[in-house]
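J.: Line order of the protein sequences matches chains A and B. The first sequence stops at residue 300 when you use this note's numbering, and every number in between is there. The second sequence stops at residue 300 when you use this note's numbering, and every number in between is there.
For the record, the hints were derived by calculation from the structure and aren't laboratory data. C-beta atoms are modelled at their ideal positions from N, C-alpha and C, and glycine is treated no differently. Check before you lean on any hint, since a few could be wrong.
What the hints assert, rightly or not - List time: in silico DSS-like cross-link candidates among lysine-lysine, alpha-carbon distance up to 27 Å: (1) B/K292 <-> A/K292; (2) B/K299 <-> A/K203; (3) B/K189 <-> B/K203.
Claimed, not checked - Non-contacting residues of chain B with respect to chain A, defined by C-beta distances greater than 12 Å in every case (computed): (4) K63; (5) M89; (6) A125; (7) N183; (8) R284; (9) A285.
As the list claims (entries may be wrong) - Covered stretches of chain A, as calculated for chain B (at least 3 residues, CB under 8 Å): (10) 209–222; (11) 225–236; (12) 253–261; (13) 280–287.
Spelled out, the chains give:
Number of protein chains: 2
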Amino acid sequence: MSVLVVGTTALDSIKTPVRENPRLLGGSASHAAVAASFFAPVKLVGGVGEDFPKKYVALYRKHGIDLAGLQILPGKTFHWSGEYEVNMNNRRTLMTELGVIETFQPKLPAAYQDVPFVLLGNIAPALQHSVLDQMRKPRFVVADSMDLWINLALPDLLKLLKRVDGFVLNDSEAQLLTQTDNVFLALKKIHQLGPRYVIIKKGSHGSILSGPRGMFICPAYPLPAVEDPTGAGDSFVGGLMGFLAAAKGAVDANIRRAMVYGSVTASFCCQGFGLNATTKATRARINSRVKELEKLTKF
Amino acid sequence: MSVLVVGTTALDSIKTPVRENPRLLGGSASHAAVAASFFAPVKLVGGVGEDFPKKYVALYRKHGIDLAGLQILPGKTFHWSGEYEVNMNNRRTLMTELGVIETFQPKLPAAYQDVPFVLLGNIAPALQHSVLDQMRKPRFVVADSMDLWINLALPDLLKLLKRVDGFVLNDSEAQLLTQTDNVFLALKKIHQLGPRYVIIKKGSHGSILSGPRGMFICPAYPLPAVEDPTGAGDSFVGGLMGFLAAAKGAVDANIRRAMVYGSVTASFCCQGFGLNATTKATRARINSRVKELEKLTKF
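Just chain A, same shape as in the assembly:
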């Protein structure tokens, strides 16, 4: 089955203590779509400007991503620029040029409206609502978000949480949303806001799911070096949704392995700037890391 992915399609200029890379392909939808493409066919919803490099369209196509829902709009592509400290957990935004994303309105092609797995990647909650409004009867909807929307669009986000099956956020966002730094309590409080599945991401510490079958502690694949963690969270949820869409059986039965596959896909993302390392991953390399992770966690 297919996955619909909506989110930002952006140009990222990323600085780390080691290197600087201007105008890489980035955005939540780009990372999530490429990650999902290792498992299932992907349909992308997004908006870019007339300056969007052709090589990035080619990159999407290389991963078989359906671009019927990618609008090319008059103006400039959303451009984010950020800097990481030596500790890669600390990043600061240097500059944000919204460009076409400011007025972007998702318009779903007819062929998109029956896709069973919907990933509402990180973008304004109003746009996530708009995509959901255009879907006929999706089987499984997961939303991602970020601190910006918790701070600026909380009412919209809270309404969205009542419409989705799953919600994915990182630990600092969970703390911001629930006012507790206890992950166990945060999961509980977020369930009360709507979603049956809640996943809190903890970067290199892995992630935790709370769902109808209880909790699952998902490990992160240990890396000797992190080149650029931008998009790792999007890759995680993209890989997760791709795996779910491709797997037979109920979501409940597959979601733990889906998280592990998402986690491993995210590990590739961290090993290069932008999508450089993710695009070099293969299903075979992903499978091999999942097997390693099984060995690393068995007791």
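Once you've looked at the hints, dock chain B against the given chain A.
T.: Structure of chain B alone, referenced to chain A:
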């Protein structure tokens, strides 16, 4: 088989945002010895002052801990006082009265010198050396330490690392020692300092082992509330060493499960002030949490 535990035997006055508890039984040796006692016979090495409450001697005895190596010295018991912030990962020392610990010299009774499993709990590296000097031929020696000794007694600590089989420290200490925040690299660098087994503790994020059979990612038991994390690290390594001492077969074959048992023992520690919750644990309750943890991590 038995475990020898050396470390501090102290009185802890602990303040959290919720409560204040004066003069609890604390210290690395107290926490580790009680934790180990759920699995194997324990012989304690330590020094307390004449003010050391009889009820705490009774607590040790309740756990069957051999106190032949506990010296009662003229003067006051080591007294530490600290305060936790709302985020329990942040704690600050309010006051330290060294008392008898300042001049304490471990003297091992003859019956202690052939104990096969030796836990050099957190205390000055010189005292850890002194205990090791008095042992005949221990089968497996693990040392714990803290930032204080990395800062104040690094040459002694580095010498110790060449004499032990395993070294356990937390992530911030590993970063201080190795100058890298990448756990993978930190493990590698610490191996080069001597120990064949290196374990980095990450609090509620679990712990990571690197040993002759590769790495192991050990989960933490998720708790809905943490009352007081003081001594959790000591309980972890105490439980680990107790489990190893009781298990049949090679350390290599048992150490992963030993870490899981240590992790669960530490979870009890966090649920009460001082040793209040640890002492209420039982082997059956520990086993049941280990089973839960197996379910929580299976994929």
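J.: Against this structure, judge whether each hint is valid.
T.: Now for the hints, and whether the structure bears them out:
1. B/K292 <-> A/K292: This hinted pair holds, its Cα atoms lying about 22 Å apart.
2. B/K299 <-> A/K203: Holds, because 18 Å separates the two Cα atoms, which is no more than 27 Å.
3. B/K189 <-> B/K203: Judged against 27 Å, a Cα distance of about 17 Å means the pair holds.
4. K63: holds, 30 Å
5. M89: Label violated. Min Cβ-Cβ 8 Å, cutoff 12 Å.
6. A125: holds, 30 Å
7. N183: Given a closest Cβ separation of 7 Å, the condition is violated.
8. R284: holds, 18 Å
9. A285: Per Cβ check, B/A285 is outside 12 Å of chain A; nearest 19 Å; holds.
10. 209–222: Coverage by chain B holds for the region 209–222 of chain A (7 residues, Cβ < 8 Å).
11. 225–236: holds (count 3)
12. 253–261: holds (count 4)
13. 280–287: Coverage by chain B is violated here, the residue count being 0 at a Cβ distance below 8 Å.
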